[in-house]
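*Asks:* From first to last, the protein sequence lines stand for chains A and B.
For the first sequence, the positions run 1 to 145 when the working numbering is used.
For the second sequence, the positions run 1 to 145 when the working numbering is used.
Hint data in this document are derived by calculation from the structure and do not stem from the laboratory.
Note that this is a predicted model, so its numbers are computed, not measured.
Heads up, a few of these hints could be off.
As the list claims (entries may be wrong) - Derived DSS-like pairs (lysine-lysine); straight-line CA-CA distance at most 25 Å: (1) B:LYS116 - A:LYS108; (2) A:LYS137 - B:LYS104; (3) A:LYS116 - A:LYS75; (4) A:LYS102 - A:LYS34; (5) A:LYS8 - B:LYS108; (6) A:LYS29 - B:LYS8.
Said to hold, decoys possible - Partial list, derived from the structure: chain B residues whose beta carbon lies under 7 Å from chain A: (7) CYS14; (8) PHE15; (9) LEU32; (10) LEU35; (11) GLY36; (12) TRP49; (13) SER51; (14) SER80; (15) THR84; (16) PRO114; (17) GLY122; (18) VAL125; (19) GLN134.
Glycine included, each C-beta is placed from N, C-alpha and C at the ideal position.
There are 2 protein chains.
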Amino acid sequence: MNKDDLLKLDNQLCFAFYTCSREIIRQYKPYLDKLGITYTQYVTMLVLWESPKISVKGLGDKLYLDSGTLTPLLKRLEASGLITRERDAMDERSVIISLTPKGKDIQKSAYEIPEKIFCSTGLSVDEAISLREQIKKLIRQMNPK
Amino acid sequence: MNKDDLLKLDNQLCFAFYTCSREIIRQYKPYLDKLGITYTQYVTMLVLWESPKISVKGLGDKLYLDSGTLTPLLKRLEASGLITRERDAMDERSVIISLTPKGKDIQKSAYEIPEKIFCSTGLSVDEAISLREQIKKLIRQMNPK
DNA sequence: TAAAATTTAATTTTATACAATTAAATTTAT
DNA sequence: ATAAATTTAATTGTATAAAATTAAATTTTA
């Protein structure tokens, strides 16, 4: 193992992750275009379909994103009519994001997406689950919350 | 397997990739700050340490990035004195990027980085190689060039 | 060879990411 | 009770990403 091999692009685990992440997002694009949302907006909607009322802080904790990313993104989702934003009367520091009927409604069009993406990966169910769990373990190792 | 499970954030392979990629880049940050470059600039330098003279197109092919990302990034690396940019005399459509002595020189400070990052992953060598190859296979499946 | 097609960077626009700072509100500690 | 500390969003600034368009140069083809 040559010292320079450690710096070869082809040997970098980080670059594999970086490239694969962007490539997967590219695979989502045609389906998300139909819904009129971006990938980051999509994962935000995934949270809201599970938790129809949640604070910006709560969203950030689940998505690992801060308000510098979320605030403008949520304003766009609000402009699209998919969510509402309002101060929490109990704690005025918090902003509560709520799913609108329209936001709930587009979930129906989203059900088919994971399946389509799964096909494009060419993975078996077992391979996909194994890979997902390896990655989640790696995330926990790097970012123990 | 409930239909709604397919849309749960925790079950998404895409979100695992997306989160892990950003987390790895976060791990690089303190080391790259010492070199005064960002993560994307770092992977660009990895290519240039292997290929000290290469066109913007060639860089884009290796990094899967287009000129909309590369042109401003390369102008920043030029401003930092790590590279030069010049039109190819043979084909004036091309811009050739060359490593400067300073750009070559900071490679010395980069040798330690992969090792440090490897430690923070907590993976064994075999696990890291296995994971990397699984991901590269997935990239090839999604983006057969 | 001249028109058409292709290649290559650059530019423009929209949308993240994220660090750092600010501002407002709440909670804690004296 | 009130000063200090903490929490939470928003804002600001820098740097990607990527789609779409433009412009210039080269290559292909009729």
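*Asks:* For each hint given before, does the structure comply? Return the numbers of the non-compliant ones in rising order.
*Replies:* Hints 1, 2, 3, 9, 10, 11, 13, 14, 15, 18 contradicted; others consistent.
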